Amino acid sequence: MKYISNVVLLALLIMLSANNIVFAQDKFELVNFNTEDGGKVEAAYFNAGKNKIVIFAHGAIFNKESWYFLAEEFQEIGVAVLSIDFRGYGNSVTGNTKKKLFDVLGAIAYVKEKGFNEICVIGASMGGAAVLSALAYKQTPVSKVILLAPAGGPPIKSNKIYKFFVVSKGERLYQRVKQIYTESEEPKKMKEYSGNAHAQHMFKTSYAKELRMLIIDFIGL
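The working numbering applies: residue 1 is where the sequence shown begins, and numbers increase by one.
One thing to keep in mind: the hints can contain errors.
[Stated by the list, open to error] Under the rule of at most 27 Å between Cα atoms (straight-line distance), these lysine-lysine pairs were calculated in the DSSO-like manner:
(1) K138 - K50
(2) K114 - K160
(3) K144 - K99
[What the hints assert, rightly or not] What follows is a set of in silico ranges between Cβ atoms, one per label pair, in the way DEER data are often shown:
(4) T97 - E210: 11 to 21 Å
(5) I77 - P141: 34 to 44 Å
(6) N96 - K209: 34 to 44 Å
(7) T97 - V31: 35 to 45 Å
(8) I77 - E186: 36 to 46 Å
(9) N51 - K178: 27 to 37 Å
(10) G115 - Q179: 29 to 39 Å
(11) E210 - N32: 14 to 24 Å
(12) G220 - K112: 19 to 29 Å
The set of hints was computed from the structure by calculation and includes no laboratory data.
Because the structure is a prediction, the values reported are computed rather than measured.
C-beta atoms are modelled at their ideal positions from N, C-alpha and C, and glycine is treated no differently.
Using the sequences provided together with the hints, build the complete structure.
This is the structure:
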């Protein structure tokens, strides 16, 4: 009897695990879009209507999957998400250049074509630098930008984009991020945390929950 009970319990656990995997996969679909320099980018699209969408641009040691935890939180409050893999990551393919700004611009063009009313972008470290370069390269319909310790890039000169910079005071890029923030046009704000956690690594700290709430509140306004 005990053996049968254990077998039944194991079967139930397997069924529950399978259901959770299917449920997770149902939250998004993999999509592809071309870039203007001939590249091809794969991204995860979290559908939540056509009102507002957030584009995620990951750091150098991360990928599109690294944003899924936050993408699901946005999806739950009715904000769609497109999380991209930069060229050379996952199944994304480099174009005629190595410039990641074209991946960001391609993502913006892709969601614009899908008919979204409001487009927001979140970039971290390498992804933040690519976002800044993309916004400087050409005018876009982006309304809000969050930059987690961007690894360089020009300031944002548009006064039509709401800007939110986040950085740790003890990290090596602190002064550079401060400079980009200072030279960017209003409206803008900046959040500084103690410690030296860099960009997406801030989600591993004791203030991770607060950071997530600040990001969601800023986008959701």
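Structure-based check of each hint:
no. : hint                    : result
1   : K138 - K50              : holds, 24 Å
2   : K114 - K160             : holds, 22 Å
3   : K144 - K99              : holds, 22 Å
4   : T97 - E210: 11 to 21 Å  : violated, 38 Å
5   : I77 - P141: 34 to 44 Å  : violated, 22 Å
6   : N96 - K209: 34 to 44 Å  : holds, 42 Å
7   : T97 - V31: 35 to 45 Å   : violated, 22 Å
8   : I77 - E186: 36 to 46 Å  : violated, 27 Å
9   : N51 - K178: 27 to 37 Å  : holds, 34 Å
10  : G115 - Q179: 29 to 39 Å : holds, 37 Å
11  : E210 - N32: 14 to 24 Å  : violated, 35 Å
12  : G220 - K112: 19 to 29 Å : holds, 20 Å
Checked against the numbered hints above, the structure breaks hints 4, 5, 7, 8, 11 and satisfies the rest.
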